[in-house]
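Student: Below are the chains, spelled out letter by letter.
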Amino acid sequence: MFGFSRPQWIAFLVMVALIVVSPFVLYPVFLMRVLCAALFACAFNLMLGYVGLLSFGHAAFFGMGSYVTAWTMKFWHLDAFFAMALGGLTGAALGLVLGYLAIRRSGIYFAMITLALAQMVYFFCLEAPFTGGEDGIQQVPRGHLFGFIDLSNDMTMYWVVAAVFLGGFLMIHRIIHSPFGQVLKGIRENEPRATSLGYRTDDYKLIAFVLSCGLSGLAGGTKALVFGIATLTDVHYSTSGEVVLTTLLGGLGTVFGPAMGALIVMSMENYLAQAGAWVTVIQGGIFMLCVLAFRRGVIGEIANWRKLTL
Amino acid sequence: MIMIFGIPGPLLFGQLLLGLINGAFYAMLSLGLAVIFGMLNIINFAHGALFMMGAFVAWILLDALGIGYFPSLILAPLIVGAFGVVLERTIISRLYKLDHLYGLLLTFGLSLVIEGLFRNAYGSSGLPYRIPDILQGATNLGFMYMPNYRGWVVLAALVVCFSTWAIIEKTSLGATLRAATENAPLVQAFGVNVPRVVTLTYGAGVALAAFAGVLAAPIYSVNPNMGSNFINTVFAVVVIGGMGSILGSIVTGFGLGVIEGLTKVFYPQASATVVFLVMIIVLLARPRGLFGKAA
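Residue numbers (my numbering), protein chains in the order written: chain A, 4 to 313; chain B, 2 to 296.
Just so you know, these hints were derived from the structure itself, not from any lab.
Where hints are given, some of them may not hold.
Claimed, not checked - Cβ-Cβ distance ranges computed for the label pairs, FRET-style: (1) A/K188 <-> B/P269: 42 to 50 Å; (2) B/S126 <-> A/L129: 15 to 23 Å; (3) A/F7 <-> B/R95: 17 to 25 Å; (4) B/G124 <-> A/F151: 16 to 24 Å; (5) B/V87 <-> A/F7: 46 to 54 Å; (6) B/Y97 <-> A/L292: 29 to 37 Å; (7) B/P72 <-> A/V32: 52 to 60 Å; (8) B/K171 <-> A/R203: 44 to 52 Å; (9) B/Y97 <-> A/V32: 25 to 33 Å; (10) B/V87 <-> A/L129: 31 to 39 Å; (11) A/L129 <-> B/L156: 27 to 35 Å; (12) B/P196 <-> A/G279: 33 to 41 Å; (13) B/L79 <-> A/A166: 32 to 40 Å; (14) B/L79 <-> A/P182: 34 to 42 Å.
From the three backbone atoms N, C-alpha and C, an ideal C-beta is built for every residue, glycine too.
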């Protein structure tokens, strides 16, 4: 139904089982953080892993989604569903505008342009009154979902976040395995050829970019709802760097890699929190190690070892 | 007092000078990026971190060994350049056969490590670096007072930028370099040690960043974030100019600094974003950049 192969079904069921069991063992707030990061990384992977374009500005979409959800929850008292949906739509709309500019170049220039555009969004958020500047938007209420599900309970919130993640995950998987996704992979492998076959490659890239940004915005909005806060960190380029690391570490262009990467990176941040500034050094070191010796990532290595596609 | 477009002259010229100084750093950094990209085909994300390292090396030389500003202006680029040579030989050279993006990712990781280490060692509050005595004070230019140090920065940056241009475009060494950029195997067949040229190019590009860092030390306080504050804007400058031309990088760098300075006078709210707005206009009108070659 979603184009899963047999090993992928098994991996998917294992992942779902872990999502169901883990809140009874681990702290649900930490797990929600992992799931938001996982959705963000899956969305990012859609661009880098399947279209072959490295966006170094995905924090812009994640952060704007986070701001919009936080703002609409706090000041418009929207239903959580609409607030999160607006977060996603904001990401998609911003993705349409910035993507339209960025896809004019490819490769290394695409990375630099997205980085620069995201930096512009960052400066905008720093100055704009609605973001609360350095303070961010704090004390955002979680509110209710569909009017009757109270989200202030961590466990209830957890199931909602889990549903959002799984929904996004399946959507991405469906996109990748659709005819549209096949064209994307064709563009990644040989763009001139795809053009000569009559595909408007720019349109395909832009649609993929918008989808990726929309899901990033949804991830940001969900994160804002969970923690009740949206800050400049969400739009800062270090967040863009982190999602690249997450995806690379988990396995670029694999279905389950980004989720695995999110689990590793978030655990690292959580358990190394007392190490302070060393976290950056460790992250940077892992980044270099991944690029030099571990380019397939965790899931990619497993898949290669077992000769599977995961 | 002279008024220009309803703006007091000294204010306008003051901001123009500040713009020129920022532009000098944009020019030196984007020049280094362009030279490295031409030869190594990687975008050196660590450029900002190495710029910061140049400033710190100068500070440490003064603090620990009592070595002053002018010797540091030579020593710090040599030290950081040597560090760059080691980096290129041990790490970066492993990536040449891979997609360009891996070079970007590796140097991004590298910049996290370097900045993190300096943050651990020196904190992020910033350390003062004194302007050397000979460049203290200000000169009356008739229409404004120019702080001597700032004039010196613009002058030194111009000299360094144009020397780099002259070396690459006018000397036989530069000709070899350009030839190796075009077709490395052929140049190698003529008996040139291309890997060594590549290593030295990286070292030189990095030294240029460190030189800019030493120049920046007395203006901005020496702190671990000084590089990353600059580098994002420098990437926009590189996109605007295109990396095809050395002279283009210099002109674009200085030009954008001036535009930024003018924006501070007329519409200060947009001064942080104006470079990015220019980038958007250039992308719409001429995607390959002002001086870029057609893809």
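Student: Do the beta carbons of B/L79 and A/P182 sit within 34 to 42 Å of each other?
Tutor: violated, 58 Å
Student: Between B/Y97 and A/V32, does the beta-carbon spacing fit 25 to 33 Å?
Tutor: violated, 44 Å
Student: Would you say the C-beta atoms of B/P196 and A/G279 sit inside 33 to 41 Å of each other?
Tutor: Holds, at about 40 Å.
Student: Could you tell me whether the CB distance from A/K188 to B/P269 stays inside 42 to 50 Å?
Tutor: holds, 47 Å
Student: Starting from the range 17 to 25 Å, see whether the pair A/F7 and B/R95 falls in it by beta-carbon distance.
Tutor: 36 Å Cβ-Cβ, so the 17 to 25 Å window is violated.
Student: Would you say the C-beta atoms of B/V87 and A/L129 sit inside 31 to 39 Å of each other?
Tutor: Given range 31 to 39 Å: holds, Cβ gap about 37 Å.
Student: Is it true that B/V87 and A/F7 lie within 46 to 54 Å of each other by Cβ?
Tutor: holds, 47 Å
Student: For B/Y97 and A/L292, compare the CB-CB distance with the range 29 to 37 Å and indicate the outcome.
Tutor: violated, 18 Å
Student: Just to be sure I understand the hint, the distance between the Cβ atoms of B/P72 and A/V32 should be within 52 to 60 Å; is that true here?
Tutor: Holds, at about 54 Å.
Student: Holds or violated: 27 to 35 Å for the Cβ distance of A/L129 and B/L156?
Tutor: Given a distance of about 33 Å, which is inside 27 to 35 Å, the answer is holds.
Student: Given the hint of 44 to 52 Å, is the C-beta distance from B/K171 to A/R203 inside that range or not?
Tutor: holds, 45 Å
Student: State, for the Cβ atoms of B/G124 and A/F151, whether the hinted interval 16 to 24 Å holds or is violated.
Tutor: violated, 51 Å
Of the hints listed earlier, those the structure fails to meet are numbers 3, 4, 6, 9, 13, 14, in rising order.
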